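Using the sequences and the accompanying hints, generate a full structural model.
These protein sequences, in sequence, are chains A and B. So the numbering used here is basically just the index in the first sequence, starting at one, shifted up by 255. So the numbering used here is basically just the index in the second sequence, starting at one, shifted up by 388.
Think of the hints as simulated: they come from the structure by calculation, not from any bench. Predicted model only: the values in this text are computed from it and were never measured. One or more hints might be untrue.
[Unchecked claim] Taking CB as the label site, the calculated pair distances span:
1) A/I273 / B/K719: 24 to 32 Å
2) A/I358 / B/A590: 54 to 62 Å
3) A/L477 / B/R729: 31 to 39 Å
[As the list claims (entries may be wrong)] Looking from chain B toward chain A, a few residues come up when the C-beta cut is under 8 Å (computed):
4) I523
5) L542
6) G668
7) S715
Note that CB positions come from ideal geometry on N, CA and C, so glycine has one too.
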Amino acid sequence: MRMKQKRPFNETVFLLKITITLFFVMYVIGMIVFREKGFTHFQTFLNLFISNASLIVIAAGMTVVMLTGGIDISVGSCVAMYCMMLAYMMERQGVGAVGAVAIVLGTGIVFGFVQGFLVSYLRIQPFIVTLAGMFFARGMTAIISVDMISIMDKQFLGWAQHKMYIPFGGYLSRKGVLIKPFIYPTVIIALLTLVVIYFMLKSTRFGRRIYAIGGSEQSALLMGLNVRRTRLNAYILEGFLTSIGGILFCLNTCSGFVEQARGYEMEAIAAAVIGGTLLTGGVGNVFGSLFGVLIKGTIETFITFQGTLSSWWTKISIAALLAFFIILQSILGNSKFHGREST
Amino acid sequence: MKPNFKRITHYRLFLPILCLVLVLLVNVIKTPTFFQLSIRNGVLYGYIIDVVNRASELVVLAVGMTLVVAASGGTDISVGSVMAVASAMSCFVLAGGQVSVNSYAAPWGFGLLAALVAATLCGAWNGFLVAKMRIQPMVATLILFTAGRGIAQLITRGQITYIRVDSYKYLGNFIPHVPLPTSIFVAILVVILTNLMLKKTALGLYIQSVGINKDASRLVGIKSNWIIFFVYTFCGFLSGIAGMIASSRIYSADANNIGLNMELDAILAVALGGNDLAGGKFNITGSVIGAYTIQALTTTLYAMGVTADQVPVYKAIVVVIIVTLQSEEFKKWFSKVTARRLLVEAKAVEA
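Encoded structure:
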């Protein structure tokens, strides 16, 4: 492995700057184009977080595995499975909301462990493992129940519908009533998780190991780091974060069905990539991913406000953005990663 | 050297054939009429015909996927979506933008051409990202995997386009006076032509060489990037053919369901065919046998009352088992265990 060369500018910061600028430009454009429809309200901004709380957490998990040089494309199916598990346990089995949530979190850790074990200890390509995981989870969703189950559990709905008002940024509606902006607890959980993961990556031993093995596995090995266990732990953490994301997703939709969260894996990967995480690992941070999620949310808001476009445009535009950013990464990083595949 | 090589080829086809025999055996025990053929309305009917017929798309995809895996060590997970794009394109052209038509708006050949061009372009896009941009194959193809169905939806404007013309159904069903389903011939033709292309030119050798070591191949004068670009484009083209067959079966373009979960089947066929998913040496025959095995397995699962949504669970488990058996770490561990056992046995004999 060659030494890291000195580059004229820091590409991560560069990518992150593009992303943040893109987000603000898009948001300002939205404010101008849709000002009649209430895009300028503070609530619209908060809605970005409300509707994407789960994606924020999942993208953070995705960032963690991508930093190790791996990937997980099973997250979308896992979210569907966790939602179905929650719905099935609460509605058909009479498990309490707390118990159901705990079981889902446990499942997430187990799922992460199995995938991580196959990737790190058996050295199977992460794609193949998580592709199998993707189909497994989606199929399990169908095995649990092929019908759509709506959640009626009072405690769970209580969590889901608990509005937390914010004292500022309100506006007067046409009838002259002050409408206060609000968020759901999901947003708080998502942002807290994000902060915890950020500091975990930044200043714990485990976090630094993740960056080390992603930057260069061989160097990390020579330094005496336990590459396998670190990678396994990264997948376990990611599995756990995905289960949190699944619960947040379920708090948003309050139902479980087979087709749920299809294509979610690409949104999570796109968010991480747009936020400056390199697909080759070792570079990136979770706050970049947050902006990736916000960009995706803004596109979705555009399409909702526009009204006539089909929802497929969201997927296509996310895919286009992902393509744009990976090409950009590839162009920026080609000199650095040239010949890396052959090692 | 020679017997060793022979043993390897023997071993390579051993797994797929064993699996096929096992699946068939289970079927014969469950349904004794499994191999029975009957003639109704001048065409052959029977379980086995059904399996071979339904496997056609998968065979075509597996051929393309084998080459992709061999050359790049990655997989193309967009094949199912590309099938949807191809079928949407063909129905769009043939229906002239209408939702349901009883006669072609354009000659059938135009529809076929449009579908194949669209699919080939999708493949070329994947190839461009992988070969020129050096993006990991799965991330590159993930873009079309998700966006492909969106594109197909846009082409058909979110509706299911029906082509209610008899000749459109030929490809996926029967041509009059031919007792076998057309798609069987298409699949066989694709396999033969691809084999000719690989064996009669140096292409097959190049693909293996690029898959084993891309940079070394480049240094000996093989245009590695072009080979990789080519296999992805070719895989897209074959997905287009598969898409046409699938669309012809239901004489419509259903953007949400055509080619659904086919990517896993195709990868499974390749793995089951004894091909190493890390690239390098490949065996198309193995993949084809793998594809028929998987279709037989799918049909068996359906017969056992498993629904289409649930089937992926079993296939995912099979994939994990196969790749685990293939993995170097597992082989190392396994040989260590067997060596230890042999040692223990030898000591026991001594004592």
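Okay, the hints, checked on the actual structure:
Separated by about 45 Å at the C-beta atoms, A/I273 and B/K719 break the suggested range of 24 to 32 Å. Distance hint for A/I358 and B/A590: a CB-CB separation of about 57 Å, consistent with the stated range 54 to 62 Å. Checked against the given bound of 31 to 39 Å, the beta carbons of A/L477 and B/R729, roughly 34 Å apart, stay inside it. Here the hint on B/I523 is kept, as its CB sits about 5 Å from the closest CB of chain A, short of 8 Å.
For B/L542, the shortest C-beta to C-beta distance to chain A is roughly 6 Å, which falls under 8 Å, so the interface hint holds. At its closest, the beta carbon of B/G668 sits 13 Å from a beta carbon of chain A; the interface hint therefore is violated under the 8 Å criterion. With a cut of 8 Å, the hint placing B/S715 at the interface with chain A holds, because the nearest CB-to-CB distance is about 5 Å.
Of the numbered hints stated above, those contradicted by the structure are hints 1, 6, listed in ascending order.
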